[in-house]
Every structure is written in structure tokens, then in C-alpha cells.
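A.B. asks: Sequence:
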Amino acid sequence: MKRHLTARNVFLLSAAGTISAGIFYGAGAAAANYAGPAVILAFVVVGFTSMFVGLCYCELATAIPAIGSVYVYAFSTGGELFAFVAGWTAIAQYVTIAATAATSLTSHLGKLVELATDRPAGVTLTQSPLSYSDATGFHRSAESNGILNLPAVAAVILCTFAMCFGIKRSAHISHVLTGIALIVFLALVIVIATGYDSFPYLSPFVPGSDMQGAYGIRGVFQAAASIAFVCFGIDSAANCVQEVQRPARDIPIGIIGSILFSIIVYVLTYGGVLGVTPFKELKSMTPLADASFDIFRALGWFVCVAGLTGLASVIIVSLIALPRILCSMAQDGLVGAMFGHIDRKSGTPIIPTLACGALIAIMAGLFPLGLLGNLASAATLMSFTLVAASACILRFKHPDVHRPFTFPLGPVVVPAVAGTCSLGLLVFCRWENVVRLLVWVCIGMGVYFGWSVKHSVLRTGEPVADVVSETQATRVDMVVVAATKADQGGEPMARAYDGK
0 MKRHLTARNV FLLSAAGTIS AGIFYGAGAA AANYAGPAVI LAFVVVGFTS MFVGLCYCEL
60 ATAIPAIGSV YVYAFSTGGE LFAFVAGWTA IAQYVTIAAT AATSLTSHLG KLVELATDRP
120 AGVTLTQSPL SYSDATGFHR SAESNGILNL PAVAAVILCT FAMCFGIKRS AHISHVLTGI
180 ALIVFLALVI VIATGYDSFP YLSPFVPGSD MQGAYGIRGV FQAAASIAFV CFGIDSAANC
240 VQEVQRPARD IPIGIIGSIL FSIIVYVLTY GGVLGVTPFK ELKSMTPLAD ASFDIFRALG
300 WFVCVAGLTG LASVIIVSLI ALPRILCSMA QDGLVGAMFG HIDRKSGTPI IPTLACGALI
360 AIMAGLFPLG LLGNLASAAT LMSFTLVAAS ACILRFKHPD VHRPFTFPLG PVVVPAVAGT
420 CSLGLLVFCR WENVVRLLVW VCIGMGVYFG WSVKHSVLRT GEPVADVVSE TQATRVDMVV
480 VAATKADQGG EPMARAYDGK
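Under numbering that gives the first Met the number 0, read the sequence shown as residues 0 to 499, first letter to last.
FYI, nobody ran anything at the bench for these hints, they're computed from the structure. Incorrect hints may have been included.
Straight-line alpha carbon distances no greater than 20 Å define the calculated SDA-like cross-link-like pairs of lysine to any residue that follow [what the hints assert, rightly or not]:
(1) 282 with 367
(2) 279 with 294
(3) 279 with 407
(4) 396 with 78
(5) 167 with 294
(6) 282 with 111
(7) 279 with 396
(8) 282 with 270
(9) 279 with 215
(10) 282 with 204
(11) 344 with 361
(12) 282 with 396
(13) 167 with 282
(14) 396 with 409
(15) 167 with 365
(16) 453 with 443
(17) 167 with 340
(18) 167 with 252
(19) 167 with 344
(20) 282 with 296
(21) 279 with 216
Derived CB-CB ranges, DEER-like [as the list claims (entries may be wrong)]:
(22) 293 with 116: 15 to 23 Å
(23) 408 with 115: 50 to 58 Å
(24) 401 with 422: 43 to 51 Å
(25) 450 with 217: 39 to 47 Å
(26) 192 with 113: 25 to 33 Å
(27) 337 with 207: 35 to 43 Å
(28) 397 with 452: 42 to 50 Å
The C-beta atom is built at its ideal place from N, Cα and C for all residues, glycine as well.
Could you put together the complete structure from these sequences and hints?
C.D. replies: Pasting the structure below:
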């Protein structure tokens with residue numbers, strides 16, 4: 000893989016996923032359903048958790064600079080089964096996040112059509128066959144006659160096609176789309192700050208609990224759990240470490256900087272919107288756009304357009320990261336060898352990119368937005384927990400591994416805080432979503448013991464995928480692969496090779 004990315008690229012890739020993933024839908028739904036104006040505190044909780052998780056990512060990504068992120072970290076610290084669970088969870092995480100973005104994109108496109116024609120967009124080819132809400136679960140509503148969310152499928156197909164041209168061009172597309180969204184957010188904050196003298200709807204800041212247990216302090220943590228998936232961008236950035244020019248410097252700058260910047264954007268944007276809009280009015284599928292129309296109609300149009308560009312960037316970031324995880328799993332024989340192929344000309348894993356795009360398109364076309372977003376948060380929190388565990392284990396299991404970046408406060412404090420916060424938020428996810436995630440993991444166990452064990456490189460000793468070609472290896476400073484020490488009973492370890 001070619002090293003095209005700088006610290007600025009890493010920052011923008013991470014921020015593209017983190018900002019756009021939740022600001023157009025998830026944050027508004029969290030305010031309306033769980034926390035009210037105190038959703039701002041939920042952003043702080045998620046930011047605090049992500050900061051500690053991000054420190055773990057920075058150390059792991061620079062100590063083990065290989066594609067695969069959480070999968071590779073788990074392999075190097077806990078072995079093959081632990082790694083497969085991590086990789087399988089990451090697949091659920093990225094697929095549901097990208098599908099959530101694609102489904103939300105359809106809602107914003109429908110809003111634009113409604114504004115332009117003064118009539119609502121048709122539902123037959125713009126909605127999934129089923130509806131879902133936390134209160135009622137799956138249901139087929141009388142007013143919903145959807146068959147397929149065609150715009151979401153089309154958006155995923157277009158983004159997948161764009162990914163096949165290489166990460167440099169893909170990153171540039173993502174940067175432009177994210178930049179458009181950021182300009183609109185800035186304009187929205189300026190309009191609110193200069194056009195309003197008071198913010199009456201921020202009081203009461205923490206609404207009292209209702210009969211369903213929403214609002215109150217518990218509601219803050221429920222809101223944080225529901226939007227935890229927004230910080231998936233830090234994993235995406237770590238996934239591209241082999242394509243970063245100076246990983247030891249660029250990865251920490253990009254990851255930590257993007258977390259701080261993204262939380263500031265969330266707090267400023269929704270702090271302003273919730274100050275001038277009743278939080279219960281944010282229950283729609285396009286909460287930020289609807290609020291913007293009430294604040295300043297012309298700006299509402301731009302927020303809808305920003306929704307299209309920002310959510311497209313989330314799909315792109317997901318399609319950058321997920322194929323690289325599959326590529327790394329293929330290298331170890333845990334998924335089919337075809338997923339390990341990297342195009343020599345573009346340096347892009349084209350086959351896994353197409354496969355991931357197809358899976359995301361199916362999910363976006365057939366499943367409702369509420370279900371996808373909730374499952375994405377549960378999978379993200381589980382991945383964060385595994386990363387925290389890997390960071391702690393690596394410190395004790397391989398203390399002599401060269402670490403260009405080392406998180407502070409010793410080997411335990413940062414991973415312990417990261418893992419505890421992630422698990423704590425997972426507890427506040429609705430139990431149905433945790434069960435669905437566990438069912439997905441059980442399906443993965445069937446795949447692992449039924450197929451992967453028989454084809455594992457650790458057991459066969461035969462490589463199954465040429466992930467890094469000989470000509471590309473000269474551009475790689477270090478590649479970390481999983482190996483087996485026969486004299487230690489097959490204990491997996493991280494072994495570094497100088498690619499120069």
C-alpha cells in the first residue's frame with residue numbers, strides 16, 4: 000500500500016466520520032428521546048470516553064502499524080479467536096454505521112424534494128419494508144408501504160465505485176464533502192449567535208424523568224450510549240496506518256485532534272439549536288434540517304445539502320476502513336483468500352471493497368434507520384472495549400515492543416478508564432441491541448469453528464493472500480504480522496519486519 004496520507008488527511012478522515020455520523024440524525028434523536036438539552040452532556044461523556052480510547056488507538060497503531068486496527072491488535076495480544084471476535088464485531092460496526100448514514104441520506108434527499116415540490120416524496124422506493132422504534136420494535140405501519148430504500152442503495156453503490164480509485168482520491172473526496180458540511184455548521188452557529196439574545200429552551204437543562212425512564216441523569220447516559228457510534232472515525236484513521244507517511248507523528252495528531260474538534264462542533268451546533276428549538280421537535284428523521292428551517296429558512300436548504308455531503312463522507316470513511324479489516328483477516332486465512340487481494344496499480348483492496356459495498360447496500364435498502372443506529376452504537380462500544388483490553392495486554396505481554404507513541408499514566412490507567420467507560424455505556428444500550436450483537440457474534444463463532452479454523456495460517460502454515468506485494472513492501476517502514484512461536488506452544492505474538 001502506498002503512503003499518501005499526512006496528519007491533515009488522518010485528522011479529516013477521522014473527523015469526517017465522527018462529525019457527520021451523528022450530527023444530522025443521531026444527536027437530535029438522542030435529545031428528543033433521552034436527554035433533552037442535556038444531550039450536550041452526553042457529547043462530553045462520549046468525548047471523554049473517546050479520548051481515552053483514542054490514546055489506546057494511538058499507541059497500538061504506532062506500535063503495530065498494520066491494516067486491520069482492532070483485529071490486528073487483538074491478534075497480537077489475545078490470539079486468533081480473540082482477533083476473530085474483534086474483526087467480526089468490526090464488520091457489524093462498519094456495516095451498520097454506513098447503512099445508517101445511507102438511510103439518513105435518503106431522509107435528507109426526501110426533505111429537499113418535499114421543499115422543492117411542496118409534496119412529500121413517495122415512500123415505495125425510499126423506505127425499508129419494516130419500521131422500527133425502541134417502544135414498539137419491528138412493525139409494518141399502515142402509512143408505510145416501502146419496498147426498498149433505493150436512494151440509500153444508490154448512494155452506497157456510488158461511494159463504493161469511488162473507493163476503487165485509491166485512497167488518495169477517496170480521501171480527497173471525503174475531505175471536500177466534509178468541508179461543505181463544516182462550512183454550513185459554522186454558518187448555522189453564527190446565525191444563532193447573532194440572531195438571538197436569549198436561549199429559553201435550554202431550561203430546564205436536565206428534564207425530569209418520565210414514565211419510561213428517559214430524561215434525568217439516566218437519560219444523559221442513555222443518550223451517550225445511543226450516539227457512541229459517532230466516534231468510529233478514530234478506528235477508521237488507525238486502519239489506514241500503512242498508508243500514512245509518518246505514522247508515529249501523524250496518527251496521534253489526527254486522532255486526538257479530531258476527537259477534540261468534533262466534540263466542540265457537536266456542542267456548539269446543538270447548544271445553539273437546542274437553545275432556540277424545543278427538544279421534543281427534534282424527533283424527525285431530519286432533526287437538524289427541520290430546526291434550521293425554523294431558525295432561518297434559507298439556511299435550512301443548505302443544511303439539507305450538507306446532510307447529503309456529510310453522510311456520503313461517512314459511507315466513504317466506512318468503505319475505506321472495513322475492506323482493510325477484511326484484507327488483514329484474509330492474510331491470516333480467517334476469511335476467503337479473495338478478500339486479501341490488493342490491486343497493484345491503485346494499492347486498493349478492490350474485491351473486499353466491492354463485497355463490503357454490496358453488504359452495506361443490502362442493509363441500507365432493507366432495514367430501518369432506528370435499528371441500524373442502535374446496533375451501530377453497541378458494536379462500536381464493544382470494539383472500543385476490545386481495543387482497551389488489547390492496549391493493556393500488549394504493555395505486559397510485549398513490554399519491549401518499540402512504541403513511538405506511549406499513552407501516559409502507566410500501563411493500566413488509560414486502558415482501564417477506556418474499557419470501563421465503554422462497557423458502562425454498553426450497559427445503557429437497550430438490551431435488545433446487545434442481544435442482536437451477541438447473536439451476530441454467535442454466527443461468527445459458527446463461521447470460525449466451521450471454516451476459519453480449517454484454513455487458518457497459524458494451523459496450515461501456508462500463506463493464503465498476498466496482501467503486500469514485493470514492490471509495495473519497499474514503501475512500508477514496518478509491517479506487523481501474526482506469527483507462531485513453535486517453541487512456546489503456538490503462542491501468538493507480534494513480530495516486526497523492516498520493510499526497507
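A.B. asks: Against each hint, give a clear statement of whether it holds in the structure.
C.D. replies: Here's how the hints hold up against the structure:
For the hint linking residue 282 to residue 367, the alpha-carbon distance of about 15 Å falls within 20 Å, and the restraint holds. Proposed proximity of residue 279 and residue 294 is supported: the alpha carbons are some 16 Å apart, at most 20 Å. Between residue 279 and residue 407, the direct Cα distance comes to roughly 42 Å. Violation of the 20 Å bound is thereby established for this hinted pair. Our distance criterion of 20 Å between C-alpha atoms is met by residue 396 and residue 78, whose separation comes to about 12 Å.
Distance check on the hinted pair: residue 167 and residue 294 sit about 38 Å apart at the alpha-carbon level, beyond 20 Å; violated. Simply put, residue 282 and residue 111 have alpha-carbon atoms about 18 Å apart, close enough for the 20 Å limit, and the pair holds. Restraint check: the Cα-Cα separation between residue 279 and residue 396 comes to about 50 Å, which exceeds 20 Å; the hinted pair is violated. At most 20 Å may separate the alpha-carbon atoms for a hinted pair to count; residue 282 and residue 270 meet this at roughly 17 Å.
Taking the CA atoms of residue 279 and residue 215, the gap is about 15 Å. The hint holds against a cut of 20 Å. For the suggested pair residue 282 and residue 204, the alpha carbons sit about 18 Å apart, so the restraint of at most 20 Å is met. A hinted pair counts as satisfied when its Cα atoms are at most 20 Å apart, and residue 344 with residue 361 does not qualify at roughly 29 Å. The suggested pairing of residue 282 with residue 396 is violated, with an alpha-carbon distance near 48 Å, which exceeds 20 Å.
For a cut-off of 20 Å, the pair hint linking residue 167 to residue 282 is broken: about 38 Å separates their Cα positions. Between residue 396 and residue 409 the alpha-carbon distance is near 14 Å, which keeps this suggested pair within the 20 Å criterion. The straight-line distance between the Cα atoms of residue 167 and residue 365 is roughly 32 Å, outside the 20 Å bound, and the hint therefore fails. Under the criterion of a C-alpha separation no larger than 20 Å, the hint pairing residue 453 with residue 443 is consistent with the structure, at around 15 Å.
With a CA separation close to 18 Å, the supplied pair residue 167 and residue 340 stays within the 20 Å bound. Using a Cα cut-off of 20 Å, the hinted pair residue 167 and residue 252 holds, with the two alpha carbons roughly 19 Å apart. Between the alpha carbons of residue 167 and residue 344 the distance comes to roughly 13 Å, so the proposed pair stays at or under 20 Å and holds. A hinted pair counts as satisfied when its Cα atoms are at most 20 Å apart, and residue 282 with residue 296 qualifies at roughly 19 Å.
Under the criterion of a C-alpha separation no larger than 20 Å, the hint pairing residue 279 with residue 216 is consistent with the structure, at around 17 Å. At about 20 Å, the beta-carbon gap between residue 293 and residue 116 stays in the expected band of 15 to 23 Å. Between residue 408 and residue 115, the C-beta spacing of about 54 Å keeps the proposed range 50 to 58 Å intact. Separation of residue 401 from residue 422 is about 30 Å and departs from the stated range, judged on CB atoms against 43 to 51 Å.
Checked against the hint of 39 to 47 Å, the C-beta distance between residue 450 and residue 217 comes to roughly 43 Å, which is consistent with it. The beta-carbon spacing between residue 192 and residue 113, approximately 29 Å, falls within the hinted interval of 25 to 33 Å. Take residue 337 and residue 207: their Cβ atoms lie about 56 Å apart, and the range 35 to 43 Å is violated. At roughly 25 Å, the beta-carbon separation of residue 397 and residue 452 lies outside the given 42 to 50 Å, and the hint is violated.
This entry does not satisfy hints 3, 5, 7, 11, 12, 13, 15, 24, 27, 28, going by the numbered hints stated previously.
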